[in-house]
Structure formats: C-alpha cells, structure tokens
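Asks: Full structure from sequences and hints, please.
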Amino acid sequence: MSIFVDKNTRLLVQGITGKEGRFHTHQCIAYGTNIVAGVTPGKGRVRIDDIPVFNTVGEAVDKTGANCSMVFAPPQYATDAIVEAADNGIEIIVAITEGIPVLDMMKVRSYLGNARSRLVGPNCPGIITPGQCKVGIMPGFIHKPGGPIGVVSRSGTLTYEVVNQLTLQGIGQTTCIGIGGDPVIGTSFIDCLDAFERDPDTKGIVMVGEIGGSAEEAAAEFIYNNMKKKVVGFIAGLTAPPGRRMGHAGAIVSGGRGTAQEKIAALKEGGVYMCEDLCTLGEFCAEVFKQ
Amino acid sequence: MRLHEYQAKELFKKYNISVPDGGIAFDPDEARATARRIGRFPVVIKAQIHAGGRGKGGGIKLAGSTDEVYSLTHRIIGTKIVTSQTGREGKLVRKVLVEEKLEIDKELYLGIIIDRKTSKILIMASEAGGIDIEDAAAADPDKIIRVFIDPNLGIQPFHCREIAFDLKLTSSVWKQFVGMLQSLYRLFVDYDCSLAEINPLVVTSKESIVALDAKIDIDDNSMFRHRNILEYRDIEEEDPLEVEASRFNLNYIKMNGNVGNMVNGAGLAMATMDIIKLAGAAPANFLDVGGGTTIEMVEKGFGIILSDKDVKLVFINIFGGILRCDVLAKGVVQAAEKIDVNIPVIVRMDGTNIEEGRRILFESSFKPIYTENLKDAAQKISEFAGAGAMLGGERHKV
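The listed protein sequences derive, respectively, from chains A and B.
For the first sequence, the numbering used here begins at 1 and goes up steadily by one.
For the second sequence, the numbering used here begins at 1 and goes up steadily by one.
Hints in this document: simulated from the structure, not taken from any laboratory.
Where hints are given, some of them may not hold.
To be verified - Residues of chain B placed beyond 12 Å of chain A at every Cβ, according to the derived structure:
| hint | residue |
| --- | --- |
| 1 | P20 |
| 2 | D29 |
| 3 | E30 |
| 4 | F41 |
| 5 | N228 |
| 6 | E236 |
Unchecked claim - Calculated lysine-lysine pairs in the PhoX-like style (CA-CA distance at most 20 Å, straight line):
| hint | chain 1 | residue 1 | chain 2 | residue 2 |
| --- | --- | --- | --- | --- |
| 7 | A | K290 | A | K230 |
| 8 | A | K107 | B | K120 |
| 9 | A | K230 | A | K203 |
| 10 | B | K117 | A | K107 |
| 11 | A | K290 | A | K228 |
Idealized CB from N, CA, C, for every residue including glycine.
Replies: So this is what it looks like as structure tokens:
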C-alpha cells in the first residue's frame with residue numbers, strides 16, 4: 001500500500017514538450033511510471049518518448065483514461081493548467097512549477113475547495129511510491145521500496161538527503177511526498193499525515209518542515225489528537241535571519257512568527273520525535289522506528 | 001519586492017487614497033524647495049529606507065522653517081539609521097520625504113495581508129494607530145479587527161462597513177473610509193501585494209481620511225506581469241553581493257558568519273546553515289544554486305562566496321537531484337582555475353552522477369577537502385571552528 005499514487009496511476013504530463021517536462025517524462029518512464037499522455041496546447045499529435053501528446057486535458061483523459069497529472073507549465077500558465085486538470089476529473093494534480101504568484105494560487109485553492117481533485121504543490125518535487133510510481137523530479141534511485149516509513153516534506157533536495165539516509169539505514173519508504181515551499185499549497189502536512197495514518201503499510205512517518213507560516217504547528221496539534229503512528233520531525237532554518245525569504249517563497253520569518261524554534265517546540269509538544277541534527281537523521285529514525 | 005514609503009504613496013495617489021502633500025528629495029536643496037512649495041510649517045522630514053521603526057531611530061523630524069528643512073535634511077542624508085529592523089549596522093539614508101504636517105484627530109491602523117492558514121486575503125484594522133501590529137496582536141488579539149476575504153469573490157461593501165463601524169468612525173467619515181478601503185484592496189490585488197499597510201491611517205481635524213504612512217511589499221513571483229513596477233526596485237537598499245547574485249538568478253543572502261556555503265535547494269541550504277552553526281561556526285551566507293543550474297551559475301556562485309571578505313572557510317553541500325554532481329564539479333573547478341582560492345574548501349557531494357563529479361574534482365588541480373558523507377563534513381567544519389584562529393574573528397561570533 002501507499003498513498004496518492006501507485007502502480008495503477010495513469011499519469012498525464014502537462015507541459016510535456018518543454019525542456020523540463022520532456023526530461024522528467026523520460027526519467028519517470030525509466031523509473032517505471034505508467035505515463036499515458038502529454039498535453040501541450042497546439043502541439044497535439046506529436047509524440048514524446050512514444051507518449052501521445054494532446055491539445056487539451058479533456059481529449060487526453062477521453063483517449064487514455066489518465067487519472068493523475070504532473071504540471072510543468074511555466075508560472076504564468078500553471079494555474080490555468082491546474083484548473084483544466086481539475087475540471088476534467090483528474091484525481092491527483094502534482095504541480096512542480098516554481099514561481100506562481102500567490103494570489104493566483106489562492107484563487108485556485110478556493111476553487112478546488114469544491115472539486116474532487118487533490119492538488120499537491122506547487123513548487124514541489126512531487127510524489128514517489130518507491131518501486132511503483134514516480135510523479136515528480138526526485139532522483140528515483142535513492143529510494144527503497146516496500147516501506148514501512150512515509151515521508152512528507154516542504155522541501156526538495158532536503159527530502160532527498162533525508163530519504164537517502166533512511167535508505168542507507170535499510171529503512172524503506174511507502175510513499176514520499178513533497179508538499180511544496182510556497183505560502184499557499186494544495187495539500188497540507190495534515191492531509192498527508194492523515195493518509196499515512198490510514199495506510200496499513202506505513203508504520204511511521206518522517207516529517208520535514210521549515211521556517212515560515214504555521215503549517216507545522218497545525219500538524220503538531222493534529223498529531224497529538226489523531227495519530228497513533230510515530231512521527232519523526234526535522235525543521236530547517238534555525239539560523240535563518242528574520243524578514244528574509246530563504247529561497248522558498250514560503251520560507252520567511254515575519255513579525256517574529258514562523259521561527260524554527262517555535263515549530264520545534266510545538267512538534268515536541270505534539271509528541272513528535274524531533275531530530276535536531278540532520279547529519280544523524282538516519283540513525284535517529286532507525287532508533288525511533290526500531291520496534 | 002519592498003517599496004519605499006514615497007513610492008507606495010505614489011501608488012496610493014493613483015488609487016485616490018489621500019496622502020499628505022509632499023515630495024521626495026535627494027538633497028537639502030530639493031527638500032527646501034519642496035517645503036517652500038508646501039508653504040505651511042512645520043513640515044515633516046522622513047528618511048526613506050527599507051526598514052520600519054524610523055521614528056525611534058531618529059529618521060523622522062519636524063522642521064519649522066526652510067532653513068531648518070535644509071539643515072535637518074543635510075544631517076539625515078548620508079547618515080546611518082539604526083532601528084529595530086535594520087540590524088546593528090543600520091541603513092544609510094539617501095533620500096527623504098518632505099510632507100505637510102496634519103492636524104490629527106484620530107490615528108488608526110489598517111493593513112491587508114495574505115493569510116497563509118486560510119488561504120484568504122486578510123484585512124486587519126485597529127483603533128490604536130501607530131502601534132506595532134505584531135506586538136498588539138500578541139498582547140491583545142481581540143483589539144484587532146480581522147476580516148477574511150475570499151480571493152475569488154473579492155471585497156464586498158459590507159466588509160468595509162463592518163470595519164468602519166468597528167473602528168467607531170463618525171457618520172461623516174465612515175463613507176470616506178469605505179471608499180478608501182475598497183481602493184486599497186483594488187491596489188493590493190492589481191499589484192499582487194503581499195502586504196499593504198497604512199500605519200497610521202489618520203482622521204484629520206477637518207474629518208478627512210489620510211494615509212500618513214505607507215508600506216507595500218509586492219510578491220516577487222508576480223513580477224512577470226508588473227514590469228512597470230521594476231523601476232521601483234532600489235538596488236542601493238540591497239547588499240551588493242546579493243544584487244550581483246540576483247543578476248545570475250542565484251538565491252543569495254548575506255549573513256554575519258564566516259563559513260561560506262553553496263547548496264542546491266532552499267531547504268537543504270537552510271539545513272546546511274544550521275549544520276554549520278551546530279558545528280560551532282556561523283554561516284556567512286545562504287546560497288541556493290537551484291535545480292536547473294548551469295556550470296556558469298555554479299562558477300558564479302562560488303565566485304561570489306569567495307569574494308566575500310568575511311569568508312574563511314567554504315562548505316559546498318550538494319545532493320544531486322536535477323543538478324548533477326558533474327555539473328557542480330565542473331563549475332567549482334572552473335571557478336577555482338580563475339580565482340586564487342586561498343582558503344580551505346570542503347566539498348560534500350552525493351546523488352546523481354556522483355562518480356563523474358568525483359572524477360572531475362579529483363583530476364583537477366583544485367584540491368578541496370572532499371567527502372560524500374554529511375556527518376563527515378560537519379566534523380571537518382567543527383575541527384576548523386575548534387582550531388579557533390581561522391574562525392576566531394570576534395566580530396563574527398554568533
């Protein structure tokens with residue numbers, strides 16, 4: 001078992017003919033992902049890696065039964081692509097795109113509130129269920145299939161570091177999700193924690209947060225009230241200066257709020273096993289998840 | 001992107017939000033000319049820097065005559081102002097805003113922000129103008145009026161009325177306020193603001209509503225549709241190395257320590273700074289070279305770190321995902337061939353194309369301290385920090 005994506009996922013790539021879209025389509029296929037279609041308006045009928053490309057999501061879904069989409073469209077077109085996917089019944093929409101204006105994302109999120117689709121991201125590395133399906137830009141080879149640990153993170157490469165350390169300890173992963181580094185995102189820590197808690201194969205979770213906003217604090221409360229599985233936590237940004245945006249649009253301590261210290265304290269209070277030194281996270285997890 | 005007060009007030013005027021009569025001045029002569037045009041004394045002289053808390057820091061002065069305008073402006077321009085938001089070094093003043101002084105009946109607070117938690121636009125208002133809204137919110141959350149706006153629906157007249165009545169505005173004033181708030185909301189949305197704040201918003205003795213101060217931050221991600229606003233960017237307010245880095249699309253932030261570092265990905269870059277701190281040293285910067293980076297960008301990034309005089313040790317930490325280790329290695333080697341690297345450099349790489357990256361580093365004449373293990377790298381930083389002399393500059397102790 002896993003969450004959100006697995007071997008039955010039929011993936012559609014929006015923005016498949018762009019440089020990034022093309023490269024990662026190839027990588028996902030190489031990993032074993034079942035990519036059934038691409039969409040680039042005006043480029044219908046070409047083929048990328050032998051994948052048929054369509055002009056519209058509607059046509060792609062009709063012809064191929066795609067149920068998941070990975071969005072590479074550039075920031076000015078990305079929200080359009082997300083809504084097009086949602087309106088055509090795509091269940092999981094993974095938006096890789098970085099740099100979408102936050103007001104656009106707020107409108108999309110408000111709209112998606114009434115839709116059946118789940119949006120993951122934007123500004124995220126995507127989702128991978130190791131050994132089954134990779135919907136994103138993460139390097140597949142660092143993952144270890146079979147579980148029992150789920151990983152959820154706001155970051156990209158930091159997640160790879162964490163996953164790699166788990167794998168080196170012999171700890172496999174059920175599903176790893178990057179929820180994205182933007183201030184407004186589709187899927188929250190809580191959504192993922194809840195899904196992991198319900199997934200019978202996931203025995204524990206590693207949650208990687210960072211400065212900015214209050215998503216970790218909300219997650220801490222959720223964990224305290226709703227979770228039986230063990231959660232290991234790590235927060236990046238203890239040394240981040242206040243008022244500065246640390247690369248991710250959402251990574252900013254503003255008005256003294258959203259600090260790493262606050263988040264670590266809240267998560268500890270929520271019963272999360274906090275790892276303070278990234279260098280030893282793998283060993284830390286091995287210890288916590290031993291039983 | 002942050003706007004200066006005088007720039008924000010220019011936008012206010014476009015949206016018919018009243019501001020005091022005034023003008024920007026880059027030298028005492030200009031300031032005096034503006035004061036003369038205003039024609040009523042005293043006038044207010046306000047230092048234009050990208051930081052709040054100017055009043056307490058000596059950046060806002062009253063002048064009773066044209067001569068005093070001249071002498072005060074002469075004194076303020078060219079000096080550094082230290083406020084709670086500038087850090088110890090303070091900020092150099094290069095221009096002042098000269099404005100009429102109004103007779104004030106009532107000071108209010110009004111701000112519009114993005115609320116991440118609800119994914120809505122949040123309007124905040126308070127009868128206590130001129131306050132630090134964050135302090136006030138912490139001290140007494142109930143004193144602050146909060147109204148959440150659905151971004152797809154936008155502000156409705158009743159939202160404005162609610163706020164106006166909660167602010168206990170008189171009948172002659174509240175209609176003005178409703179119009180003003182609708183304008184401010186329109187400006188907020190039109191310009192993709194992440195913050196639009198008027199603190200204080202005042203009711204004058206003549207019962208008009210005027211924005212005494214103005215603070216606007218614009219979402220950097222929206223710049224592709226606000227080309228015109230780019231002229232408001234004030235490069236002099238930014239760190240020169242940060243400006244240089246931004247020209248190459250590198251995400252660089254200057255800090256106070258002396259361990260320079262270059263990392264791919266913002267989360268790992270923050271975590272790397274934390275590792276440096278845990279190892280007993282202090283990061284000199286944040287530098288995310290990003291995923292889609294090129295050999296040239298890596299070379300430039302490394303060059304920027306090395307050009308920082310405070311840097312005594314460099315830590316390059318790469319977990320190759322999209323950025324392949326060979327690209328990183330080539331960029332680092334290219335930079336090292338052009339620049340005389342006379343400080344120790346620790347390179348930790350792992351991930352995509354590690355073998356090729358390792359080969360490139362080993363075959364070059366540049367000999368970094370190399371490891372593929374993060375714990376190892378931290379240990380090495382700690383050894384340098386422990387050795388003291390190298391990182392011992394007192395002024396950089398964190």
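Asks: Run every hint past the structure and note whether it holds.
Replies: Now the hints, each set against the structure:
no. : hint              : in the structure
1   : P20               : 26 Å, holds
2   : D29               : 34 Å, holds
3   : E30               : 30 Å, holds
4   : F41               : 36 Å, holds
5   : N228              : 16 Å, holds
6   : E236              : 18 Å, holds
7   : A:K290 <-> A:K230 : 11 Å, holds
8   : A:K107 <-> B:K120 : 9 Å, holds
9   : A:K230 <-> A:K203 : 8 Å, holds
10  : B:K117 <-> A:K107 : 14 Å, holds
11  : A:K290 <-> A:K228 : 16 Å, holds
Going through the hint list in order, the structure satisfies each hint without exception.
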